[in-house]
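Undergrad: Using the hints provided, position chain B relative to the given structure of chain A.
Okay, here's what each chain looks like letter by letter:
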Amino acid sequence: MTNEPRLTSNSIEVVSALEAIETYFEKGWSDGLPVVPPTPEAVSATLEAANLSPDAILGIEPVKGAVITAEKAAINAVMAGCKPEYMPVVAAAVDAITAPEFNLHGITVSTMGAAILLVINGPIAKELEINSGVSAFGPGHRANATIGRAIRLIVMNVLGTRSDDGLDKATLGHPGKYTWCIAENERALPDNWEPMHVTRGLGESESSVTVFSGLSGAQFGDHASNTPEGILDSFAERIYPLGLGVHEVILAICPEHAAHFDEAGWTKQQIGQYLFDTVRKPESEWVPNGLPSGIKNGGEGVISSLQSPESVIPIVVGGDGGAWSAVIPTWSLGSRSKAVTRKIQSNG
Amino acid sequence: MASQETPMAPENNGTSFRVLDPTATQSIATDGMAERPESLAGMRVGLLRNDKLNSEPLLDAIYDVLAERFDVSSAYRVNKGDASRPAEPEFLSDFSNEVDVALLANGD
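Quick mapping for you: the protein sequence lines, in order, are chains A and B. Positions 1 to 348 (this note's numbering) are the ones given, in order, by the first sequence. Positions 1 to 108 (this note's numbering) are the ones given, in order, by the second sequence.
This is chain A alone, in the form it adopts within the complex (with noise of 0.2 angstroms):
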């Protein structure tokens, strides 16, 4: 006799995994993609892998008050294709993508059609494998293409915000909104850096998740330039076309770039400073976009893109070879949805 709490979902019987598969086409479970039979099995493994109740709550959605429950939540972890030790993972992520100040509703049913970036940091991203280095935002690793998955399928499925028949309006949507999950190439950092979760104010053996509600990117090459100065400006032109109001953007930065940032001792801080004071033009030549930049009328002063230092988000992330980095700006362009770092509780 065990006093553990149990499942209650609903479940329904089939007599084979390609039945499963079909009927959750059927029943607009999937996103499009067949998914994992979530036997009671492997939904209370991948629970226990987290120390998770069932029933424990890891997260609300603030505005319509939707409850996301441990179980719920490792049941679409099994459909996306999680081993139950990324449990922990989706976990933290489902905290800090609940988080008011991330604002999950307003992203994900918006015409702009942000994905979710989740960036994970410390020592849990070489025990999962998740890859940071060579194609980091590419397909062929289970853990950044399963985690990501399965957040995407807990905004579907459990908060019910589906394109199809959903709470989704967005105009073009994003290849992101599949999946979106890396971690920082820690390895890869310049010498004087520490990882973003430490920036972000957790400690360096300490394991997490930063979400961001990522737009697509803007990927660039400059094999040109070995100064900070030199790269800055390429990424200062990809900022440019975001306008006014940038409160946070991802500056991906690829190995070969943070190396002349290593080489010439410059800080985050710097860079930022760089940033802050380069993307700025008089106010009048500033293209009105539509965006809530806060400006409606052109003026003479001559102003950033950037509403401080502090709006560039620099990481590093890729592989060694290519000196290609991107900007990856955020929805609203951070002005309503901020990045959210929660620590990943650790199972051990």
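Keep in mind the hints are simulated off the structure, nothing from the lab. All C-beta atoms in this analysis are idealised placements derived from N, C-alpha and C, irrespective of residue type, glycine included. Hints are supplied without guarantee of correctness; some may be wrong.
As the list claims (entries may be wrong) - Coverage of chain A stretches by chain B, computed from C-beta distances (three or more under 8 angstroms per stretch; other residues unrestricted):
#: 1; stretch: 36-45
#: 2; stretch: 59-73
#: 3; stretch: 308-317
TA: Below, chain B alone, put in the same frame as chain A:
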């Protein structure tokens, strides 16, 4: 010895298993429609825009039609200031004190 692949198992091997529903039933507001006025004559019309670029001209255009066809009293225009979040209860309470009927617009 290299592993041998075996033919795919038949669709139905005679045993069944259970799989779990990934969805959650979320509560839905049960408040019904507000009571409809019999006439707009003398009514104060609230125009609640959501900060989107076109919400203001859309509401103004609708109000112009109402004012032309009905003997409304006045327009009361407010902006909730953030399209992505619900208006605060206090804001809505203040708004409702100033109007008899209300129009809302998204206006993307």
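Undergrad: It remains to establish, for every hint, whether it holds in the given structure.
TA: So, going through the hints one by one against the coordinates:
no.	hint	in the structure
1	36-45	holds (count 5)
2	59-73	holds (count 8)
3	308-317	violated (count 0)
Hint violations for this structure: number 3 only, all remaining hints satisfied.
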